[in-house]
Amino acid sequence: MPNHTNELEIIKQLFNNLTETDKKAFLKTIKDKEKSITKTPIQKEIKECPHCKSNQFVKNGKKDNKQRFMCKDCKKTFTLTNNTILFSTKTDIKVWKKFIHCMIEKYSLRKTAEICKISLPTAFAWRHKILDALQNIQNEVELNGVVEADETYFPLSFKGHHKNFKLPRLSKHRDTQALKRGLSKEQACVTSGVNLNGKSIAKVSDLGKPKIKDLIKVLSNKVSRDSIFVTDSFRAYLKLANNMELSHIRIPKKKHKLGSFNIQTINSYHSHLKDMIKHKIKGVATKYLDNYLVYHNFVNFAKESYKEVILFEYIQNNECVSLSLEISKRKCLSIT
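Take the sequence shown: its letter number 233 is residue 233 in UniProt numbering, and every next letter is one higher.
Hints listed in this document are in silico derivations from the structure and should not be mistaken for laboratory results.
The reader is advised that the hints may include incorrect statements.
Stated by the list, open to error - Across the chosen pairs, the derived CB separations fall in these ranges:
hint, residue 1, residue 2, range
1, His279, Thr21, 45 to 51 Å
2, Asn243, Ile30, 46 to 52 Å
3, Leu238, Asn197, 24 to 30 Å
4, Lys209, Ile30, 47 to 53 Å
5, Asp64, Leu120, 25 to 31 Å
6, Pro121, Asp64, 45 to 51 Å
As the list claims (entries may be wrong) - Mimicking DSS-like on lysine-lysine, the simulated pairs with C-alpha atoms at most 27 Å apart in a straight line are:
hint, residue 1, residue 2
7, Lys63, Lys12
8, Lys185, Lys331
9, Lys106, Lys253
10, Lys97, Lys307
11, Lys28, Lys66
12, Lys257, Lys282
13, Lys257, Lys307
14, Lys213, Lys199
15, Lys47, Lys12
16, Lys106, Lys274
17, Lys12, Lys24
All figures in this text were calculated on a predicted structure; none of them were measured in a lab.
Every residue gets a Cβ at the ideal spot worked out from N, C-alpha and C, and that includes glycine.
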């Protein structure tokens, strides 16, 4: 595999062989790409007061170079970032952009904290604030075309629980097998669906082997009716496909495909997910697993370009309020 130096040399040689016209066109393309990446996000349009929902408001001066508004009805003031994760932040916006870059590059929290010159607890809180916002993106996803679905499992993890916490099972070393064999209640079931265009959804659906109600909780209203639904032979998917009126392809047991259909994309999705959780993140508490599922969906699986720009614009322009003090107090299991 060529290293970066060799790749750069190849590009230089190919560039030198271009005509002057093609060289100018190539350089213009590079400049346009750079502008697209570094462009300033478009500020959202204020339509109503975030406190009383009135549309009667006026500009009310600036503070720290941020435009403030005052509602004529409730007399309260607000800014563009009210009800976003950037509200009340005292950190320069450039640090948030740098933090998002670190997230896209999948740096560890410790490395991210060093790069952004913030504390480790702050880096942890910021990561989950951003991932909470990403949950809203997943809520808008609808899978279409050829949609593959399957489930995978993660041992229950209570990582990070140290104060006033009693472990609800016998203790064991991280990355060792669950104490109970098979698909027991010590395994968190992650139900996932993907299509071939880089769209995906995933959620912790239950403990142990899922029932049809668990699959419905994750996949219902998330798969377009004209899609081709491809799964393994697990019987619950047959009932789910009938309920959702989907064209269903079931891969038989001990078979890898049926005609031109297979579930290799979802298997690859799960493989990359587990690799990220184990080797990049170094394990995740089950209560935070849903957040890391959307992290995987956006960073590893989605095919969009300029993810840093997309993510920064989203957290700046969409409502999501996550309090730092409440993040670590979440229930041990995220399953509802």
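Subject >> Proposed proximity, Lys12 with Lys63 (alpha carbon, max 27 Å) >> reply: 48 Å, violated
Original post:
Taken at face value, is the distance from the CA of Lys307 to the CA of Lys257 at most 27 Å?
Top reply: 33 Å, violated
Original post:
Straight-line Cα separation of Lys47 and Lys12 no greater than 27 Å?
Top reply: 50 Å, violated
Original post:
Taking 27 Å as the top limit, are the C-alpha atoms of Lys97 and Lys307 close enough?
Top reply: 12 Å, holds
Original post:
Cβ-Cβ distance between Asn243 and Ile30: within 46 to 52 Å?
Top reply: 51 Å, holds
Original post:
In this structure, is the beta-carbon distance linking Leu238 and Asn197 contained in 24 to 30 Å?
Top reply: 25 Å, holds
Subject >> Holds or violated: Lys185 to Lys331, with C-alpha atoms at most 27 Å apart >> reply: 17 Å, holds
Subject >> Distance restraint hint 47 to 53 Å, applied to the beta-carbon atoms of Lys209 and Ile30 >> reply: 52 Å, holds
Original post:
Given the hint that Lys257 pairs with Lys282, does the C-alpha gap stay at or below 27 Å?
Top reply: 33 Å, violated
Original post:
Has the hinted range 25 to 31 Å been met by the Cβ atoms of Asp64 and Leu120?
Top reply: 26 Å, holds
Original post:
Is the hinted pair Lys28 and Lys66 satisfied, with a Cα-Cα distance of at most 27 Å?
Top reply: Violated, because 34 Å separates the two Cα atoms, which is more than 27 Å.
Subject >> Lys12 paired with Lys24 [C-alpha distance capped at 27 Å] >> reply: It holds: about 14 Å lies between the C-alpha atoms, which stays within 27 Å.
Violation of the numbered hints given earlier is confined to hints 6, 7, 9, 11, 12, 13, 15; the remaining hints are satisfied by the structure.
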